[in-house]
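Turn these sequences into a full structure, and let the hints steer you where they fit.
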Amino acid sequence: MTRNLSRVLTDYGMIFVLALLCAFFSIATYSEQSPTGEAAARQVAAALIANFGKAPRVLIAARDQADETLFANKLEAALSASGAKLLAVVKGEPRDARAALQKIVSEGQSLDVIAGTRTTAAWLVFADLKAEFPTLGDPQLVQPRTEKWPNFLKSENLVNIANQIAVIAIIAIGMTMVIITGGIDLSVGSLIALSAVLAARFIRDYAGAEQASALGMTLAGSAAVLICGLIGAFSGGMITVFGIPPFIVTLAMMLVGSGLAYLLAAGQSIYQLPDSFVWLGRGEGFARIPNAVLLMLILYGAAHVLMSRMRLGRHLYAVGGNREAARLSGVPVQRVLMFAYIASALLAGLGGVIMASQLKSGSATYGNMYELYVIAAVVVGGTSLSGGEGKMFGTLIGAFTIAVIQNGMNLTNVESYTQKVVLGGVILGAVLLDSLNVSGGGNDSRKGPADALNRGTNDRASG
Amino acid sequence: MKHTFWCLFTSTLLCLLGCGKSDDTVKPSGALPTVVAPVTSKGTIGVSLLTLDNPFFKVIGDNITAEGKKLGYETIVVSGDKDVAKQSNQIKDFIVKKVSAIVLSPCDSKSIIPVIQEANEAGIPVFTVDIPCNEPGVKIATQVATDNYGGGKEAGHAMIEALGEAGGKVAILHFKQAESCLLRVKGFREVIDAHNQSAASKIELVTELESGGAKDQGYKAAEDSLQAHADLRGIFAINDPAALGARAALEKAGKADQVLIVGFDGQPEGKQAIKEGKIYADPIQFPDKMGVEIVAAIVKHSKGEELPPQMLIPTSLYRKADAEADPDLK
Chain A
1 MTRNLSRVLT DYGMIFVLAL LCAFFSIATY SEQSPTGEAA ARQVAAALIA NFGKAPRVLI
61 AARDQADETL FANKLEAALS ASGAKLLAVV KGEPRDARAA LQKIVSEGQS LDVIAGTRTT
121 AAWLVFADLK AEFPTLGDPQ LVQPRTEKWP NFLKSENLVN IANQIAVIAI IAIGMTMVII
181 TGGIDLSVGS LIALSAVLAA RFIRDYAGAE QASALGMTLA GSAAVLICGL IGAFSGGMIT
241 VFGIPPFIVT LAMMLVGSGL AYLLAAGQSI YQLPDSFVWL GRGEGFARIP NAVLLMLILY
301 GAAHVLMSRM RLGRHLYAVG GNREAARLSG VPVQRVLMFA YIASALLAGL GGVIMASQLK
361 SGSATYGNMY ELYVIAAVVV GGTSLSGGEG KMFGTLIGAF TIAVIQNGMN LTNVESYTQK
421 VVLGGVILGA VLLDSLNVSG GGNDSRKGPA DALNRGTNDR ASG
Chain B
1001 MKHTFWCLFT STLLCLLGCG KSDDTVKPSG ALPTVVAPVT SKGTIGVSLL TLDNPFFKVI
1061 GDNITAEGKK LGYETIVVSG DKDVAKQSNQ IKDFIVKKVS AIVLSPCDSK SIIPVIQEAN
1121 EAGIPVFTVD IPCNEPGVKI ATQVATDNYG GGKEAGHAMI EALGEAGGKV AILHFKQAES
1181 CLLRVKGFRE VIDAHNQSAA SKIELVTELE SGGAKDQGYK AAEDSLQAHA DLRGIFAIND
1241 PAALGARAAL EKAGKADQVL IVGFDGQPEG KQAIKEGKIY ADPIQFPDKM GVEIVAAIVK
1301 HSKGEELPPQ MLIPTSLYRK ADAEADPDLK
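Here the protein sequences come in this chain order: A and B.
Everything in the first sequence is counted per this note's numbering, starting at 1 for the first residue and increasing by one.
Everything in the second sequence is counted per this note's numbering, starting at 1001 for the first residue and increasing by one.
The set of hints was computed from the structure by calculation and includes no laboratory data.
This structure is a prediction, so every number in the text was calculated from the model and none was measured.
Using N, Cα and C, we set each Cβ at its ideal position, and we do this for glycine too.
Any given hint could be a false lead.
[To be verified] Some but not every residue of chain B turned toward chain A, in silico, with C-beta under 10 Å:
| no. | residue |
| --- | --- |
| 1 | Ser1079 |
| 2 | Val1084 |
| 3 | Asp1093 |
| 4 | Ser1109 |
| 5 | Val1115 |
| 6 | Gln1177 |
| 7 | Gly1304 |
Below you can see the structure in the form of structure tokens.
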């Protein structure tokens, strides 16, 4: 058991880095929260009834937003029942509050209480009432008590992080396979743009633009993904048939893909898409998890099975570990490489469609530099750039690590220049930690294909 | 080993997805709400600018921070790096953080719509600076920008002044993707056309070339126009980098004295060039004023005062004499 644990530590040290980062940002973003909704309304109503007698004259201020409207409605109901006199209920912007105050003054009435949420109570329109509305009386501002909770750990933020990283994490699946074979795919960023533009154009030109049906959109999206797959097949062909290094081939395809995207989009955003197109990128399905995140989890599950339970997965490791030995042991090296590049391109295409859906438009500017983030996610996740080694879930952890750092820094007011420095430092630190772990654990970092194949059977036996 | 891994993985995932609690289930403690006097912290302003590589936007960001601090706001300034997906994520983070106002210069005015709508739904006011987002279905509190059309007119007057009685051929180095540059050239052309109605020797706008708003492309475009029009007398470049690129081409061709340049922007490098006589004049923009105006607009909005849909900051013409009197230039 202890041996197992230390192996886990060696293999998944990144989980602890991620947990550490989460803990750090939870502490750093521990701050006052402004409660809204029903509980806050009950709280404020109780305070009003207790402190301001039977019939205080009240103005309720809330923003035009689901939680705060609920707050206003519940508070209104509770106060009406208690006999308070509601002079105005504002559900909107500060200027609506000003209009309401002016109306109260013009009717010659005065006000005892302004009840609001933390946000509306901070509106400057209420800051200097004595000077601006001298005849209003001396209304007291009442707002719910704050409570402390880390912004980082709010469920909306955690969903937010998962949603933000979904595209990169999905593409990183394909990149992990390619890197495990000892290659690299630099074209994924451009393929995001190409696929987003293609999907948007197909919908605009052939599926009826804003009136496109679900079927039309599915076909348009699938066509875009398949075209990216063809480009991946072309890259794979150049690499396997002509033996051109993957770095060069995919660098060229990066330029080709980006150029094609700009040509097809004519330098514009294509935005004539139906509202329902955002279902994939922003809709929520099972258990309030966004569809893109759900798709990401399913794909990771499938990729994990492929890499650890299926022959093709073992072959990918074998090809990356020692290509010649793999060929001699009967691994169909060329077909395995083709698979990796096609899978990478297909997933990049899928990422592009998801991004188009999230942003409800397609533009050739999407995905710029994404290949680097994707590669960073894979490498942070413990996959070796020299091939033959790596795990799918490591990549998922790597992607989340990057997302957590970016999100955490946005939440803790770190400005952009510093963000880049920190992100670069953390990527380097994570990889360093990983390599220290590997050498400290006495693992030989290079494994031959036979090892890889054996490891597969061993894992199966112990799992 | 597999089991241990799965335990760890599931617990991490749970930690990530499960243990967050949503706002409305936060403890409904029976304690009394606070009755407060004037509020001391006014909240946070979230700012996402097109890029921070360009000093123009850096100055806007710095001034929002400084002015906000003076008035009791915290600020966070991030760069969208011209990547609209990245900018969307930044805005989403601002929404989660419940900032009191969002300021942005959109990386793409179409693709940014969904996330502005999310901010609208969350009841957070959105302000745009420099680059507008005039799309249906989004609510923008106000837009602060340079009066590019007026600036273009000033550039036209500067060109007339530079060429004097003689008139002559003028080339325009354009950057057509940018709405702001279209307005600059529009204003410039109108002034030149009006001048030609009455003037004895006309100013002829012979060519309009793409400069990308960058030095290298401005250099090429100026070289090309010198090839086509050897007797060129003036160049209007839509920003400083394009103007400086054009100047380099003139120096290489030995025509630096024959052709006069009017630029736009007033970045430090451009101002220095004006001082050295390399550029005749610039209508200069005031990014510092834009930052200050944005914060003023946020305060006005929070006070419930009416805001105009657009607040234009006029440019002012900056010539050699201004540069010599400028304490910022060495």
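Hint check:
no., hint, result
1, Ser1079, "4 Å, holds"
2, Val1084, "6 Å, holds"
3, Asp1093, "4 Å, holds"
4, Ser1109, "8 Å, holds"
5, Val1115, "8 Å, holds"
6, Gln1177, "7 Å, holds"
7, Gly1304, "3 Å, holds"
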